[in-house]
Amino acid sequence: MTPDVFLFWFLALLIVGSGLAVLLFTNPVYSALSLAMTMVGVAAIFITLNAYFIAGVQLIVYAGAVMVLFVMVIMLFDIKSEVQAFTSGKISGAMKLIAVGLLSGLIVGGIIMGQKSFVGELSKDAAAQVAEANSAKMKRAAGADAATKELGVALFTKHIFGFEALGVLLTAIAVGTVALARSRGGTHAK
Amino acid sequence: MGHDSFEITINCIKLVLIFLMMVQAVPILVWVERRGSAFIQNRFGPNRVGPLGLLQLLADAVKFLTKEDFAPDRAIRPLFYAAPVFALIPATLAFAAIPMSVPLEIGEYVFKIQGYDMNVGIVFILGVSSLAAYTILMAGWGSASKFSLLGALRASAQVISYELALGLSIVGVILLFGTFNLTEMVIAQQGPLTFRAFGHTISSQFLPNWGIFYQPLAAVIFFAATFAESNRLPFDLAEGEAEIVAGFHTEYGGFKMLMFFIGEYGHMMLGSALMIIFFFGGYGIPGVTVADVRQWAAGITDSATQISVITTLVHFLSFMLKFVLFLWIFIWVRWTLPRFRYDQLMDLGWKTMLPWALGNTILTALVIYLIS
Amino acid sequence: MAEASGMPLGGVIFLTVFLAIFGTFLIFLARAIGGRRTNNSAAKRDIYECGIPGQDKRETKVSVKFYLTAILFILFDIEIIFMYPWAITFRDFISSGQGTFVFASMMIFLAIFIFGLFWEIKSKALEWD
Numbered sequence: 001m002t003p004d005v006f007l008f009w010f011l012a013l014l015i016v017g018s019g020l021a022v023l024l025f026t027n028p029v030y031s032a033l034s035l036a037m038t039m040v041g042v043a044a045i046f047i048t049l050n051a052y053f054i055a056g057v058q059l060i061v062y063a064g065a066v067m068v069l070f071v072m073v074i075m076l077f078d079i080k081s082e083v084q085a086f087t088s089g090k091i092s093g094a095m096k097l098i099a100v101g102l103l104s105g106l107i108v109g110g111i112i113m114g115q116k117s118f119v120g121e122l123s124k125d126a127a128a129q130v131a132e133a134n135s136a137k138m139k140r141a142a143g144a145d146a147a148t149k150e151l152g153v154a155l156f157t158k159h160i161f162g163f164e165a166l167g168v169l170l171t172a173i174a175v176g177t178v179a180l181a182r183s184r185g186g187t188h189a190k
Numbered sequence: 001m002g003h004d005s006f007e008i009t010i011n012c013i014k015l016v017l018i019f020l021m022m023v024q025a026v027p028i029l030v031w032v033e034r035r036g037s038a039f040i041q042n043r044f045g046p047n048r049v050g051p052l053g054l055l056q057l058l059a060d061a062v063k064f065l066t067k068e069d070f071a072p073d074r075a076i077r078p079l080f081y082a083a084p085v086f087a088l089i090p091a092t093l094a095f096a097a098i099p100m101s102v103p104l105e106i107g108e109y110v111f112k113i114q115g116y117d118m119n120v121g122i123v124f125i126l127g128v129s130s131l132a133a134y135t136i137l138m139a140g141w142g143s144a145s146k147f148s149l150l151g152a153l154r155a156s157a158q159v160i161s162y163e164l165a166l167g168l169s170i171v172g173v174i175l176l177f178g179t180f181n182l183t184e185m186v187i188a189q190q191g192p193l194t195f196r197a198f199g200h201t202i203s204s205q206f207l208p209n210w211g212i213f214y215q216p217l218a219a220v221i222f223f224a225a226t227f228a229e230s231n232r233l234p235f236d237l238a239e240g241e242a243e244i245v246a247g248f249h250t251e252y253g254g255f256k257m258l259m260f261f262i263g264e265y266g267h268m269m270l271g272s273a274l275m276i277i278f279f280f281g282g283y284g285i286p287g288v289t290v291a292d293v294r295q296w297a298a299g300i301t302d303s304a305t306q307i308s309v310i311t312t313l314v315h316f317l318s319f320m321l322k323f324v325l326f327l328w329i330f331i332w333v334r335w336t337l338p339r340f341r342y343d344q345l346m347d348l349g350w351k352t353m354l355p356w357a358l359g360n361t362i363l364t365a366l367v368i369y370l371i372s
Numbered sequence: 001m002a003e004a005s006g007m008p009l010g011g012v013i014f015l016t017v018f019l020a021i022f023g024t025f026l027i028f029l030a031r032a033i034g035g036r037r038t039n040n041s042a043a044k045r046d047i048y049e050c051g052i053p054g055q056d057k058r059e060t061k062v063s064v065k066f067y068l069t070a071i072l073f074i075l076f077d078i079e080i081i082f083m084y085p086w087a088i089t090f091r092d093f094i095s096s097g098q099g100t101f102v103f104a105s106m107m108i109f110l111a112i113f114i115f116g117l118f119w120e121i122k123s124k125a126l127e128w129d
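Residue numbers (this note's numbering), protein chains in the order written: chain A, 1 to 190; chain B, 1 to 372; chain C, 1 to 129.
Just so you know, these hints were derived from the structure itself, not from any lab.
We put the CB at the ideal spot given by N, CA and C, even for glycine.
Check before you lean on any hint, since a few could be wrong.
Stated by the list, open to error - So the derived label-pair ranges between C-beta atoms look like this:
1. C/A43 / A/D4: 55 to 63 Å
2. B/V49 / C/S41: 31 to 39 Å
3. C/N40 / B/F44: 53 to 61 Å
4. B/K63 / A/T26: 35 to 43 Å
Said to hold, decoys possible - In silico EDC-like links for lysine to aspartate or glutamate, alpha-carbon gap of 16 Å or less:
5. C/K44 / B/E68
6. C/K65 / B/D347
7. B/K351 / C/E127
8. C/K44 / B/D69
9. C/K122 / B/D347
Please model the complete structure; the sequences and the hints are all you need to start from.
The structure is reproduced here in structure tokens:
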């Protein structure tokens, strides 16, 4: 087992484990913290793929911003009743069990599929691809930020309209959020 | 990891050493802070235990260790105990990515004087240190106290607000150097100050080529934002004693409190180190290049290893000198400025620093666009 | 480039695990060494309060401003993150002759950003009292 493979399995187990923890914890605070852990694990997976910038974005945006908001909201709301509703009751319990069952089914299915012959042929191609990717990796490692620069070039030539649309979209979300927070009838309306 | 087990071992030892260095620095900083504040406020400060009160550090450690380990009944224990452990992680992970000197060459091995060389140094550091908000929220929620919760709310809102100004002020720096890599930034800042515009080159004889001369506004915004990120005065609303007792660590005492302190001082060290890397030439020595130092070392000994060791040591000293200076500024400011009010704090972050940082970004881009 | 692939991540994971173990060890050490008082009155074990019965945190009502700040932070954070690849490629674009186009498109993005920021300020969403 090479270090790279070991690293992948370690991170994969971490992600799947914390993903399961999101489902299985009865306390939403722990669930949210586990989800944050999952995000950090995904960022680490991006680093193993040499996508350093994407890993940083995953850390900053998902683990550092979105999940902080989730944790903050869950912690600060009066969630005593929600905790009760979430943990007890046959329906929510059944839903959780079904969700976990489906997920395990997916995992087991993936493993069985991985042993079938047609995937075996694919994985031969995959081996060639890995070799190619490795040589590309070596090339890319020459300039520290080359991968990020590629990303930047793609973003500002091919996807420039998407980029500008994103700016408009984010502003629209900001405006909508403020409008909602100011609406009358809420507990904090003035 | 590295290629052979020797290299891996050395790298692991290096990481542990960096962490131990940070932990070691905390009691010394506490001592400097107490003596410094006493000096500023015309008092004596701790001067009983040992010469100049230096053994106070040891006495404090013993006191912390022998305190009763206590958690309130209502506390949510897993979070309550996990929060101080987690407080160590973000600052240390980020600090280990700081290049502190030129690489050490021993035989065929090259050891970087930094924990690990992340390709995207800045983005990694920003990402990891943004995880510090979880510590605050975990501590605040875990202690089940009203004061802790209010403190955690304030602190997390403050930390995330200033992260915006912090991230935006760095855009100007990235535009200037054109890289995310911290080592490349340091290398770019070596040599004398040189402006190149419209085919002319203006060079200064005595000023070094430091980022502060290109990005003074970004430096000010960045430095102010690091104060807010490390929850220090004048931004320590999170633990405003007059209002919410001690903020999110109201219920903590003894060693757990000390671990929060290590995290806080870690952020302070991280802020100082980043200031040096971005704006003050990193480990570079003004007026002298790395090659000059290497030549000077070659005049002393013949062995290649010794030359490398001397070069590394000289640059490490240069880094440490700047580092200590910035840490002192952190302490100095703490005892000079009063605390903000919360609305002033948020106004400063969102309405003053964010627009200024935006303006700095636009100005930098415009200048770079026009002169090239 | 022997250490290019897994090295930084290995270091990060090593340091994280080391810190977690070290921190846990410190907590247990402090627990083992620390003194024990026999006084276990209810007042001691209660959360901090000045002379009145401790209030549970669930009785604390929190202003919606904090959520608003967090959401606005996410939005602006994403916009700032998108400036990073621009900042790093800007010089390359200039040297390849596309500088004007990229500069203009970023200025449009920034104009939207500034519009959003000033709208927030004007709508008093960032007003604290």
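Against the structure, the hints come out as follows:
no. : hint                      : result
1   : C/A43 / A/D4: 55 to 63 Å  : 57 Å, holds
2   : B/V49 / C/S41: 31 to 39 Å : 33 Å, holds
3   : C/N40 / B/F44: 53 to 61 Å : 39 Å, violated
4   : B/K63 / A/T26: 35 to 43 Å : 40 Å, holds
5   : C/K44 / B/E68             : 12 Å, holds
6   : C/K65 / B/D347            : 13 Å, holds
7   : B/K351 / C/E127           : 10 Å, holds
8   : C/K44 / B/D69             : 13 Å, holds
9   : C/K122 / B/D347           : 13 Å, holds
Violated hint for the displayed structure: number 3, the only one.
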